[in-house]
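Here the sequence shown is numbered in this note's numbering, starting from 1 and rising by one per residue.
Since the hints were made in silico from the structure, they are not lab data.
Incorrect hints may have been included.
Below are the SDA-like pairs computed for lysine to any residue, each with C-alpha atoms no more than 20 Å apart in a straight line [as the list claims (entries may be wrong)]:
#1 443 x 487
#2 527 x 394
#3 256 x 173
#4 168 x 140
#5 434 x 527
#6 140 x 394
#7 133 x 594
#8 570 x 26
#9 471 x 427
#10 92 x 70
#11 133 x 144
#12 256 x 356
#13 439 x 421
#14 587 x 268
#15 133 x 44
#16 570 x 83
#17 427 x 403
Since the model is a prediction, treat every value here as computed from it, not as a measurement.
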Amino acid sequence: MTRPETKQRLAKSSGPTDHGLENGVKSCLAQFLLSMFAWGHFSPQRVQHIAALACKDFAKNEPDWLADLEALASLGTHGAHANNIHRDLMAKMQALPRLPEPFHVKLKFAEPLGWQDQGIMLPHEMFSVICHKYPKTWRKSVLPSEHKLYEWWEHVEEHPQMLNHPIKTRDQWARWGVPLAIHGDGVPITGIGKGWCKLMTMFTWSSLLGSGSTLDMLFWIWSVFDKLCHTGDCDGTMQSFYAILKWSFFWLWIGKWPDEDWYNPLSAAGKKAGSFLACGFFGVLFAIEGDLEYLTLHLDLPRHSLQSGPCCLCRATMRGDNSWADFRANAAWLSCCWAPTEWLNWPNRSSNALFQLPGATAVSIALDYMHCKYLGSDMYQFGSVLYMLCYFVLTGTPLENVHSCWAFIKEFYKTHNTGSRYRYLNKLTMFCRKSGYPKLRGKANEIRHFGAALLGLWGAHMNGALELHRKVHLMLKLHVRMETLLTEYRDESALPPAAAREFTDACRNMMLLCTQLAEHFVQEGEKLFDITSKSHMVMHSAILSKYLSPRRVWRFAGEDMMGKTQILAKSCVRGTSGAAATVKFAKHYRLGLHLLFDGHD
1 MTRPETKQRL AKSSGPTDHG LENGVKSCLA QFLLSMFAWG HFSPQRVQHI AALACKDFAK
61 NEPDWLADLE ALASLGTHGA HANNIHRDLM AKMQALPRLP EPFHVKLKFA EPLGWQDQGI
121 MLPHEMFSVI CHKYPKTWRK SVLPSEHKLY EWWEHVEEHP QMLNHPIKTR DQWARWGVPL
181 AIHGDGVPIT GIGKGWCKLM TMFTWSSLLG SGSTLDMLFW IWSVFDKLCH TGDCDGTMQS
241 FYAILKWSFF WLWIGKWPDE DWYNPLSAAG KKAGSFLACG FFGVLFAIEG DLEYLTLHLD
301 LPRHSLQSGP CCLCRATMRG DNSWADFRAN AAWLSCCWAP TEWLNWPNRS SNALFQLPGA
361 TAVSIALDYM HCKYLGSDMY QFGSVLYMLC YFVLTGTPLE NVHSCWAFIK EFYKTHNTGS
421 RYRYLNKLTM FCRKSGYPKL RGKANEIRHF GAALLGLWGA HMNGALELHR KVHLMLKLHV
481 RMETLLTEYR DESALPPAAA REFTDACRNM MLLCTQLAEH FVQEGEKLFD ITSKSHMVMH
541 SAILSKYLSP RRVWRFAGED MMGKTQILAK SCVRGTSGAA ATVKFAKHYR LGLHLLFDGH
601 D
């Protein structure tokens with residue numbers, strides 16, 4: 001029961017007043033919150049949120065309403081043994097999550113670590129548990145409806161990887177097959193002071209039908225510090241992990257619990273062998289995602305700077321008849337795109353275990369629009385336009401001109417209520433480099449929303465009588481049109497036919513104009529409008545937009561996931577060896593994900 005004096009205090013403080021703080025700090029919790037705020041550990045928003053939750057608890061009128069808080073307060077013998085608090089807390093939470101325990105397996109790491117226990121959240125186990133024990137999460141994050149599933153397969157039926165895809169041999173495949181994606185990326189872990197924790201590669205999977213927040217949609221599998229990995233033909237750290245991952249995704253494809261490899265037949269999972277994972281639904285690895293470095297280093301696919309063939313989707317070369325720099329509608333490389341069977345028969349294809357899964361080939365690679373366009377071709381195009389403005393078009397000194405440009409951009413941001421903005425762009429070094437082509441610096445979201453402002457800036461200062469200026473203006477207009485189409489159809493898994501044609505034409509013409517501008521400045525002895533293989537990959541994304549919208553597979557959510565898991569990873573490496581940190585990470589992630597899913601239900 002809530003004490004009368006507690007109710008009176010709450011009633012007195014129900015209005016928007018701060019009299020309690022004016023009279024001094026009496027609450028132990030308030031003292032702690034204010035101290036954490038004063039020393040920069042808590043934001044004011046976090047202070048308010050915790051205080052509001054405390055008041056909400058105090059207002060309850062239920063038996064044992066503080067039992068869980070009392071249990072937390074008792075950890076480590078009521079704080080007397082601080083080193084035992086983490087152990088006690090995890091022991092109390094062990095039985096709470098309905099999610100599966102991390103799959104424990106020993107992997108070999110570089111010496112002196114050797115064989116180390118690892119915790120992996122297996123995709124097929126997560127798929128099954130979400131279906132059976134978190135039904136609202138299943139509808140939110142995995143399969144919104146059977147109608148959506150059927151509609152999705154209709155959109156991609158003509159996608160290149162669907163040619164002779166083994167899914168078509170299965171009964172009612174469009175009703176039961178859930179399209180999945182896997183993503184890998186490197187996350188810098190800084191501030192720890194140890195060399196092994198500089199970069200951690202994290203692996204996640206998702207349903208291509210899911211929606212919601214980043215944590216709702218992307219499910220962590222495993223992570224590893226790259227420098228700790230053992231390299232070997234059979235027992236290498238990554239080779240062993242990919243073998244386990246292939247096994248998990250294979251049984252997701254089957255749709256049943258495994259009856260071979262890895263599981264002890266007498267274990268709880270082993271005893272389920274042969275039974276359905278998720279009421280008959282099965283998973284199809286449709287999209288393999290990651291930035292270009294990940295595709296090369298982990299998936300053994302061509303490096304994007306390779307002259308003899310930088311693209312994993314086609315056999316284009318840097319020079320010659322099949323040049324990837326040809327953006328015409330009849331470009332020769334368009335007839336050299338890989339078909340699944342051709343790639344599987346190619347002797348130089350990737351040996352990564354993921355490509356041994358049914359239907360998985362290089363054609364399954366979903367090129368990342370974010371890295372290829374916003375952090376690729378756009379950086380060179382926008383940097384070159386700013387260079388032209390500051391060095392050729394405006395009449396002041398380059399430094400005066402960049403300040404003038406920044407003043408215009410800030411006003412444009414304000415007038416048009418631009419979402420993601422540059423905080424400053426008042427230095428020439430933001431786009432001028434010591435050598436090479438101009439290249440605009442910035443985050444992907446800043447660059448994504450910069451095109452409209454740059455179009456307005458160029459339009460205000462261009463000389464309409466000059467063909468060169470008109471080409472720059474049209475190139476920027478096409479860029480903005482592409483962004484508009486992606487925004488208009490943000491909720492669609494594929495762009496509608498008419499929109500896809502317009503999107504592809506806009507991309508092609510934008511790249512052709514950029515090529516013409518680059519050729520013009522080569523003749524003038526200037527390095528502007530660099531064309532890289534990333535421009536070619538943006539063209540691939542545009543061509544495939546009628547099957548799969550670039551928004552559906554761009555890595556904004558993946559980058560956000562990396563940021564969120566980075567915080568957890570930093571906390572897990574404190575006082576822990578690099579390899580053991582993953583086990584700790586898995587346990588924390590399992591608890592956090594359960595609390596998130598429980599909120600759905």
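Here's how the hints hold up against the structure:
Restraint check for residue 443 and residue 487: the C-alpha separation of about 19 Å stays at or below 20 Å, so the hint holds. The suggested pairing of residue 527 with residue 394 holds, with an alpha-carbon distance near 19 Å, which does not exceed 20 Å. Between the alpha carbons of residue 256 and residue 173 the distance comes to roughly 15 Å, so the proposed pair stays at or under 20 Å and holds. Distance restraint check for residue 168 and residue 140: the Cα-Cα separation of roughly 26 Å exceeds the 20 Å cut-off, and the hinted pair is therefore not satisfied.
Annotation: proposed proximity of residue 434 to residue 527 holds, straight-line Cα distance about 12 Å (limit 20 Å). Annotation: proposed proximity of residue 140 to residue 394 is violated, straight-line Cα distance about 52 Å (limit 20 Å). As the CA atoms of residue 133 and residue 594 are separated by approximately 10 Å, the hinted pair is consistent with the 20 Å bound. A distance of roughly 34 Å separates the Cα atoms of residue 570 and residue 26; the hinted pair therefore is violated under the 20 Å criterion.
As the CA atoms of residue 471 and residue 427 are separated by approximately 26 Å, the hinted pair breaks the 20 Å bound. Of the pairs offered as hints, the one joining residue 92 and residue 70 holds, with about 13 Å between alpha carbons and a cut-off of 20 Å not exceeded. At most 20 Å may separate the alpha-carbon atoms for a hinted pair to count; residue 133 and residue 144 meet this at roughly 16 Å. This hinted pair checks out: residue 256 and residue 356 have alpha carbons roughly 19 Å apart, not beyond 20 Å.
Pair hint residue 439 plus residue 421 holds up; C-alpha atoms about 18 Å apart against a cutoff of 20 Å. A threshold of 20 Å between alpha carbons decides the hint, and for residue 587 with residue 268 the separation of about 19 Å falls inside it, so the pair holds. Distance hint between residue 133 and residue 44 is unfulfilled; the C-alpha atoms sit about 36 Å from each other, more than 20 Å. Restraint check: the Cα-Cα separation between residue 570 and residue 83 comes to about 18 Å, which is no more than 20 Å; the hinted pair holds.
In summary, the hint linking residue 427 to residue 403 is supported, as the alpha carbons are separated by about 8 Å, within the 20 Å threshold.
The structure does not agree with the numbered hints 4, 6, 8, 9 and 15 stated previously, though it agrees with the rest.
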